[in-house]
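Colleague: Using the sequences and the hints given, assemble the complete structure.
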Amino acid sequence: MGNAKRQPWVVGVSGASGTPYAASVIRALLAAGEAVDLIVSRAARLTILDETGISFRDAHWRTDLAAWLGTDQGLDGVRYWPAGDFAAGPSSGSYPAKGMLVVPATTGAVAGIALGLSKDLLQRAASVTLKERRPLVVCVRETPLNGVTLKHLVELDAQGAIVLPASPGFYAGGSTVRELVDFVAGRVLDAVGVPHSLYLRWEGELGAAARPTGGGGAAPAEGE
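Numbering follows the numbering used here, in which position 34 of the sequence shown is assigned residue number 34; successive positions increment by one, without gaps.
In case anyone wonders, no lab produced these hints; they're calculated from the structure.
Check before you lean on any hint, since a few could be wrong.
[What the hints assert, rightly or not] Calculated lysine to aspartate or glutamate pairs in the EDC-like style (CA-CA distance at most 16 angstroms, straight line): (1) Lys98 with Glu132; (2) Lys131 with Asp157; (3) Lys98 with Asp72.
Modeller: What follows is the structure in C-alpha cells.
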C-alpha cells in the first residue's frame, strides 16, 4: 500500500495506568490490516516502563514497540511521531487520518483536549480530529472522577468525541487480566467500526459465556 493511499488511525497513549489497553488496541488494528500512527506522551513512557519494564525510546521506537506488543508482526504499518513534534503529520487537518483513539487517557489529557490546549502532539492531534469531524475515542482510565473531569468529559461528548471509560464487562466470560483488557480494547474498536475478535459478543443467551467452548464456541483468548 503506497503512502499516497495510506490513511491511518492515530493512537495516542497518555500517561494513565492501563498501557495494556493501548497494546491490545494496536495489535488488533494491525491484525485488521489498519495503518497506525502512534504518539506516546512523555508521561506514558514512564508508565510503560513501570508497568512492563520496557523503555520506550524515540530512536529505538520500533524495537521497543515490538517488545511492548510482544510481536513484530505488522509493524510496517506503524508510523511513530514524537510527542514534542508539532510539525508531525497528525498536527494538521490536511493529514489523511481516519480518526484518533486516545488509550488510555489521563484526566490531564481529557482536560487538555476538551479545552483545546494542545500542550503536546497528542492533544493537538485530538483537537485536529475534533475540528475535522473525524471519530475521536477517549478511553479515560481514572477512578473516582471529580466534578471538573466529569464536566470535561461532557464537553468532549458535546464536541463529538466518544467517551469510553476503561470499564471491562464480565458478561463475555473473561476470567484473566488479558481477556478483560481485550474486552475494553474491543469496545474501543467497536466504537469506530474496526472488526476484531477480542471478546465474546452478547447474543441474548444467559450463561453462554460460561459454557465450554468446544463445538463452535469462541476460541480462548491469545495468551491463555
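Colleague: Take the hints in turn and mark each one as holding or not.
Modeller: Okay, the hints, checked on the actual structure:
At roughly 10 angstroms between alpha-carbon atoms, Lys98 and Glu132 fall within 16 angstroms of each other, so this suggested pair holds. A threshold of 16 angstroms between alpha carbons decides the hint, and for Lys131 with Asp157 the separation of about 13 angstroms falls inside it, so the pair holds. A hinted pair counts as satisfied when its Cα atoms are at most 16 angstroms apart, and Lys98 with Asp72 does not qualify at roughly 23 angstroms.
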